[in-house]
Amino acid sequence: MNLKEMTTQSLVFYDIEATSKEAVISFLVDNLEKEGYISDKAAFEKAVFEREGHSATGMERGLAIPHGKSSAVKKGVFTVAKLKEPLAPHAWESVDPTNQVSLVFLLAIPDEEAGTTHLKLLAELSGRLMNASYLDGLLAATSKEALFEALDDVTVTQTVVGDSEYAGKSVLAITACATGIAHTYMAAEALEQAGKELGIAVRVEKQGANGMEDTHDAGAIAKADGILFAVDTKVKEKERFVGKNYVEVKVADPLRHAKEILIRTLTDPDGQVTASAESEDTVTSKTQKTGWKKVGADMTAAIMTGISYMIPLIVAAGLMLGIAKLTWVYALGLDIGMIGDPMYNSVGGLQEFLHYLDGFGSMLFKFIYPVFAMFVAYAIADRVGLIAGFAGGLFAGGLHYTFWGIEGGIPSGFLGALILGLTAGYVAKFLNQRVKLSKNLAAMKPMLIVPGISVLVIFVLNLYVVDPVFGHLNKWIADTIASMSTSGTLSLSAVIAAATAFDLGGPVNKAAGAIAIGLSADHIFPLTPRVLAIVIPPLGIGLATIIDRFIVGRRVFSQDLRLLGNTSFLLGFLAISEGAIPFMLRNPFITIPLNLIGAIAGACTGVALGAVQWLPLPAIWGWPLVENLPAYLVGMLVGVAIIAFGNIFIRYALIKRKERNGEKVDY
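The numbers in the UniProt record's numbering rise by one with no breaks, and the one at position 145 of the sequence shown is 145.
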């Protein structure tokens, strides 16, 4: 196949000067736009960086293959850049942590072009780049013209078939990545090469942008000694492999450990593939890999899934509130404290619209925990866990108190959502696997038995364990804060700030708010530490995602967290601390202590320097109402800096330790 048909000499660049991944990608995207291959530069660049956040596109031996799928791409194409100086290690996240990127292929993939020649050629390129002799030829090019000509130099070194103890065995593999091109085909090539060296017959089905290629038939499946799923997405038609031993890994794993993975597939499988009663694809383990390490990994994956579905809701809710409040204050010049007043229910015009838009944003925030817990349960038990997880999230958000007519009920917040979401998932999964019904009654299990029993379990758990435990905890916190109302100013400031920052709008925060507002209303103690502690955590974590690469020379947050960090930073100015909740859920042992330290230090600094705020207006429009605003801003900067730099340095140290130990960096 002629790869030069997929690019032009004007899209091949030699001796490019760049010091970061972002600079290289932006340079290549700019030139794709100049050459007319993309219709919307911003949309395609966004797609590329979203893909960067999913998994490493840096490989080894100086190679990186960023890529993006977007409707902005007019037809499949690639562009190449040979850098004048290799990037420093870690400047480009790579499967080999020591990789110094010097050769970059950027693949532009159309959204809907499955099966076309363009995509087949891009797949061919991905496979070729895994061949050592082909890559050597590209790296040896000494000019732009030579690099362009080397694209179709298909001279390769033939791999000798191995004579190992595994010779004669057969492994069927499926590779699939999120975009469906680069990693899908590179993993396939790596597995096939490793199979030749080991003497294992490896056949790979690619489930990518071209659909299902080289599909495994029933005869091959029956004869296979093992099944390997190297995937970042759900496997299509997994039920074909029912009863076969399998191993499942990330699609990037074979790029460095193909031999080890093939051997594990034959000697130490994860379990057997089976299908559930409602024909959903599932796997059950026949081995003893059910220890705490596996349980912890499963829980982490479930929490990550819940966060990923919760993030768009947080962003949407924050956007609604931001539009309403900013327009209310700056366009209409109205008192922000009045935006929720029922008197605006029927005044008409823009005031009524903004009043309801603000209420809509607040309503969306009520469903953060239901969405989170629902998809935590879904990640564990699939569809049968959704309802029980949603019910657990309703309890965590405190919506049951509204319907039960209980005033002053304190919800369990993010800890309750975690406990109830995970419980819902495991209970639903247990019932789905253990309840056996005849075919005539099989439909009752997912429709009645599993959701009915699992929801009842969640109700009992919340009523007798979760609510009482957190109710007593929150009452103790409230009593502690109240008991300090006559103690030292800085001590009381520290307690209020810590409680406010602990769960970012959750029950502990609200308990602190109730006490602090009461003290302020009686003119006993100002709200300064509380209003500072509301804005410091989202601003601090947001700032960390923006400046990390300037402080330690690399990114310490994944791409999805960086995008969320921008949102958190903006929401912080609006006093919406919930934008930082996903960081707390993903890394609670880093985020929560730093939030507490930063909030306490910032609040105490502001109070000690003489800042005073009596009104409950922590957002940016309330700052001019602060007595001694410079002291307030100094305190805020101190707290934000502690959280930002603390996150950066701690995460950087953890990443370096994992890399030294050869562990996967998961941010």
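Please keep in mind that the hints were generated in silico from the structure rather than gathered at the bench. Keep in mind the model is a prediction, meaning the values are calculated, not measured. Note that CB positions come from ideal geometry on N, CA and C, so glycine has one too. Errors might be hidden in some of the hints.
Stated by the list, open to error - Derived DEER-like restraints, expressed as beta-carbon distance ranges:
hint, residue 1, residue 2, range
1, P342, E239, 51 to 59 Å
2, N31, D96, 36 to 44 Å
3, G337, Y401, 23 to 31 Å
4, D341, M212, 56 to 64 Å
5, P588, Y464, 22 to 30 Å
6, D30, I620, 28 to 36 Å
7, F353, E627, 44 to 52 Å
8, F459, G219, 23 to 31 Å
9, N31, V469, 54 to 62 Å
10, D96, G168, 28 to 36 Å
11, E239, G168, 23 to 31 Å
Stated by the list, open to error - Restricting the straight-line Cα-Cα distance to at most 27 Å, the calculated cross-link-like pairs of lysine-lysine (BS3-like) are:
hint, residue 1, residue 2
12, K250, K236
13, K75, K144
14, K366, K510
15, K238, K223
16, K436, K234
17, K196, K144
18, K656, K259
19, K34, K84
20, K4, K41
21, K4, K234
22, K259, K236
23, K244, K234
24, K46, K250
25, K445, K236
26, K144, K4
27, K234, K250
Checked hints:
no.	hint	result
1	P342 <-> E239: 51 to 59 Å	holds, 55 Å
2	N31 <-> D96: 36 to 44 Å	violated, 27 Å
3	G337 <-> Y401: 23 to 31 Å	holds, 24 Å
4	D341 <-> M212: 56 to 64 Å	holds, 58 Å
5	P588 <-> Y464: 22 to 30 Å	holds, 25 Å
6	D30 <-> I620: 28 to 36 Å	holds, 35 Å
7	F353 <-> E627: 44 to 52 Å	violated, 34 Å
8	F459 <-> G219: 23 to 31 Å	violated, 50 Å
9	N31 <-> V469: 54 to 62 Å	holds, 59 Å
10	D96 <-> G168: 28 to 36 Å	holds, 31 Å
11	E239 <-> G168: 23 to 31 Å	holds, 28 Å
12	K250 <-> K236	holds, 16 Å
13	K75 <-> K144	holds, 23 Å
14	K366 <-> K510	holds, 14 Å
15	K238 <-> K223	holds, 17 Å
16	K436 <-> K234	holds, 26 Å
17	K196 <-> K144	violated, 34 Å
18	K656 <-> K259	holds, 26 Å
19	K34 <-> K84	holds, 22 Å
20	K4 <-> K41	holds, 23 Å
21	K4 <-> K234	violated, 33 Å
22	K259 <-> K236	holds, 25 Å
23	K244 <-> K234	holds, 18 Å
24	K46 <-> K250	holds, 23 Å
25	K445 <-> K236	holds, 24 Å
26	K144 <-> K4	holds, 13 Å
27	K234 <-> K250	holds, 11 Å
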